[in-house]
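*Asks:* Assemble the dimeric complex from its two separately framed chains, guided by the hints.
Here is how the chains run, residue by residue.
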Amino acid sequence: MNDLKSTLRQCVIVFGCLAVAELFVSLTGIRFPSALIGMLLLTLLLKLGWVKLDWVQGIADFLLGHLGLFFVPPGVALMLHFELIRAEWLPIAVATIVSTVAVLAFTGWAYQLARRCK
Amino acid sequence: MSALSNALSGNPAIPISLTIGAFWAAQALQQQLKLVLLNPILVATAAIILLLQLAGIPYESYHEGAQYLEFLLKPAIVALGVPLYLQLEQIKKQAVLILISQLAACVIGVVSAVLIARWLGASNAVAISLAPKSATTPIAIEVTRLMGGIPALSAIIVILTGIFGAVCGLTVLRWLAVKSPIARGLALGAAAHAVGTSHAMQMNRKLGAYSSLGLIVNGTLTGLLTPYLLHWLG
Numbered sequence: 001m002n003d004l005k006s007t008l009r010q011c012v013i014v015f016g017c018l019a020v021a022e023l024f025v026s027l028t029g030i031r032f033p034s035a036l037i038g039m040l041l042l043t044l045l046l047k048l049g050w051v052k053l054d055w056v057q058g059i060a061d062f063l064l065g066h067l068g069l070f071f072v073p074p075g076v077a078l079m080l081h082f083e084l085i086r087a088e089w090l091p092i093a094v095a096t097i098v099s100t101v102a103v104l105a106f107t108g109w110a111y112q113l114a115r116r117c118k
Numbered sequence: 001m002s003a004l005s006n007a008l009s010g011n012p013a014i015p016i017s018l019t020i021g022a023f024w025a026a027q028a029l030q031q032q033l034k035l036v037l038l039n040p041i042l043v044a045t046a047a048i049i050l051l052l053q054l055a056g057i058p059y060e061s062y063h064e065g066a067q068y069l070e071f072l073l074k075p076a077i078v079a080l081g082v083p084l085y086l087q088l089e090q091i092k093k094q095a096v097l098i099l100i101s102q103l104a105a106c107v108i109g110v111v112s113a114v115l116i117a118r119w120l121g122a123s124n125a126v127a128i129s130l131a132p133k134s135a136t137t138p139i140a141i142e143v144t145r146l147m148g149g150i151p152a153l154s155a156i157i158v159i160l161t162g163i164f165g166a167v168c169g170l171t172v173l174r175w176l177a178v179k180s181p182i183a184r185g186l187a188l189g190a191a192a193h194a195v196g197t198s199h200a201m202q203m204n205r206k207l208g209a210y211s212s213l214g215l216i217v218n219g220t221l222t223g224l225l226t227p228y229l230l231h232w233l234g
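Protein sequence lines correspond, in order, to chains A and B.
Residue 87 in this note's numbering is what sits at position 87 of the first sequence, and the numbering runs on without skipping anything.
Residue 81 in this note's numbering is what sits at position 81 of the second sequence, and the numbering runs on without skipping anything.
Honestly, the hints are just simulated from the structure, not real lab data.
Predicted model only: the values in this text are computed from it and were never measured.
Heads up, some of the hints might be wrong.
[As the list claims (entries may be wrong)] Below, simulated SDA-like cross-link-like pairs (lysine to any residue); rule was C-alpha separation at most 25 Å, straight line: (1) B:Lys-206 to A:Gly-58; (2) A:Lys-52 to B:Ser-180; (3) A:Lys-118 to B:Glu-89; (4) B:Lys-34 to A:Ile-97; (5) B:Lys-92 to A:Arg-115; (6) B:Lys-179 to A:Ala-102; (7) A:Lys-5 to B:Tyr-85; (8) B:Lys-93 to B:Val-111; (9) A:Lys-118 to B:Lys-92; (10) A:Lys-52 to B:Tyr-85; (11) A:Lys-47 to B:Lys-92; (12) A:Lys-118 to B:Ile-91; (13) B:Lys-93 to A:Leu-48; (14) A:Lys-52 to B:Ala-209; (15) A:Lys-118 to B:Cys-168; (16) A:Lys-47 to B:Ala-95; (17) A:Lys-47 to B:Leu-88; (18) B:Lys-93 to A:Leu-41; (19) B:Lys-93 to A:Gln-57; (20) A:Lys-118 to B:Ser-180; (21) A:Lys-118 to B:Lys-34; (22) A:Lys-52 to A:Glu-22; (23) B:Lys-206 to A:Leu-53; (24) A:Lys-47 to B:Val-96; (25) A:Lys-52 to B:Lys-92.
Next comes chain B alone, as it looks inside the complex (with noise of 0.2 Å):
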């Protein structure tokens, strides 16, 4: 072990200062340039990989202040009841139609995600880390981790759903003939969670209303009923 390595496991403020500096800078990247694909916690993540890459820091030394940040998910979860108790009144109005559609999310979701990868010859430890992709990923993850998956692997690969929902969704729902503006919100929300949603708000405030819907619907009903999915699946 390096002595840089083992100042970091020693003082858990230095990963925790890297972490958020990187991402603070990454975020003041995004606003400047304005791409969608210039995620900041794709690019925070990039960069704190390659940087221990380069100085020949182990992960683990990395994780031991890190960990008090990654806790904060939890809470962060629990915070989504405030914009689910604001939105209660507008489930209610159209609770069948938004459960109906959240539904289909979920089993197409989760089945169709684990299916293909299986035919392509996935590890069960990848089909797994698949299955919760469209949730938003304090939910993916855990769900991930709850399944014996590789909850890091959870992690990247609903961020990648995120980014790819948001750069092509509205397209991609043209062309199948989806139409209405209710629905368009909640398959964003659904499909690309928490990025999808931020680029409906930026295109009108309906679309992401619907879309905040589809992300705390679908999200929830992916945590429940992901186990029961793959235990059928086998």
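The shape of chain A in the complex, shown without the other chains (with noise of 0.2 Å):
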């Protein structure tokens, strides 16, 4: 019984915070992934100690266990976009790895030049 409560907590809590978010995004019409604020409103509440950690624990190791599931739908609507990639497979394919590279390089010279300064 009290594991079944903790459960629906859990839920509340989590998407209690994406609730605030949206609203938040909605009222003020920012320009933001209202689910990035979700995800800061909930780390800002665990700092506070309003939310203890074990209270979201478990809907959080759920949740972050599966994510490669909730991809799969929107990868799959790919199939409406065949046309477009056979017509731009070129820039799509050098930019995504040219660019990955860049920021592996730049991330890790930009970690090692500033400890050197510091």
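*Replies:* Spelled out as structure tokens, the structure:
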């Protein structure tokens, strides 16, 4: 019985953070993903101690452990864009590969350089 | 519309169980063969697309049920607040260094992807969809949706970026003389998000911890700054 109650509380906290964030986005008209605001809100509530870690740990482990599954439906929508990919596969492939190498390089170098200067 | 497609659009349980089943099977396949390239997201997505194409079922019929699974991406991003909270102390200790490296990652990642794509003649929608490619998928999808790109294209590009980063990332970092394990972890997480992080976790725990830090901080910065960077790029 207690387990069931705690599961409900976990859902209320996570969905509640999302709901508050969505309300905030629609009221202010800010152009920012509501889920990220919800994430920062949950971090803040944990930091302030208003939400205890074990109140959300279970549902967080579940959602993050199955993250890959939730990516499949948006991925399947790719079948609507086969034409586009056939037409623009070269810029997509080159930009992805070169830009990923650039991110690896500049992140690593920036950290090492900044640490040397400090 | 075929009878099959009618049945699918009336019953969300069919696409939901199809998606969960395909993902479960793909995950089992990867555990058996231990190949990074056989990413379960990639395999399950390809299998479902193939099945829908062969059966002549339009995407809309599938999506009517599958959207309930897709919705869970949002609470899953909210749940990232838990690992973020758990690493707050670590972040505070090296706040300036981490912020500098992740700002570099975010700006270089977005600007280089958009400029290269445009230079090679990509359309505006494709360039926008490439912009958040180093952020974790839920963030990238949200940013792309917001900016008028193609969320499905972003989802696939993000997954391919992750697989490329996980397979080649450490070799590239070695070539580029990035020796500090902290810098390597931060770079892997920033460039290859969750896929790179799970690869780093398999290497060693320290690399994994800093990789997840890179994933969270760069993901957040990319979510925050991409709209402004795109505006600035015109």
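*Asks:* If a hint holds in the structure, say so; if it doesn't, say that too.
*Replies:* Evaluation of the provided hints:
no., hint, result
1, B:Lys-206 to A:Gly-58, "24 Å, holds"
2, A:Lys-52 to B:Ser-180, "35 Å, violated"
3, A:Lys-118 to B:Glu-89, "20 Å, holds"
4, B:Lys-34 to A:Ile-97, "23 Å, holds"
5, B:Lys-92 to A:Arg-115, "15 Å, holds"
6, B:Lys-179 to A:Ala-102, "16 Å, holds"
7, A:Lys-5 to B:Tyr-85, "24 Å, holds"
8, B:Lys-93 to B:Val-111, "29 Å, violated"
9, A:Lys-118 to B:Lys-92, "16 Å, holds"
10, A:Lys-52 to B:Tyr-85, "11 Å, holds"
11, A:Lys-47 to B:Lys-92, "13 Å, holds"
12, A:Lys-118 to B:Ile-91, "16 Å, holds"
13, B:Lys-93 to A:Leu-48, "19 Å, holds"
14, A:Lys-52 to B:Ala-209, "22 Å, holds"
15, A:Lys-118 to B:Cys-168, "30 Å, violated"
16, A:Lys-47 to B:Ala-95, "17 Å, holds"
17, A:Lys-47 to B:Leu-88, "9 Å, holds"
18, B:Lys-93 to A:Leu-41, "22 Å, holds"
19, B:Lys-93 to A:Gln-57, "24 Å, holds"
20, A:Lys-118 to B:Ser-180, "15 Å, holds"
21, A:Lys-118 to B:Lys-34, "41 Å, violated"
22, A:Lys-52 to A:Glu-22, "23 Å, holds"
23, B:Lys-206 to A:Leu-53, "23 Å, holds"
24, A:Lys-47 to B:Val-96, "20 Å, holds"
25, A:Lys-52 to B:Lys-92, "20 Å, holds"
Figure legend: structure checked against the earlier numbered hints; hints not met, in rising order: 2, 8, 15, 21.
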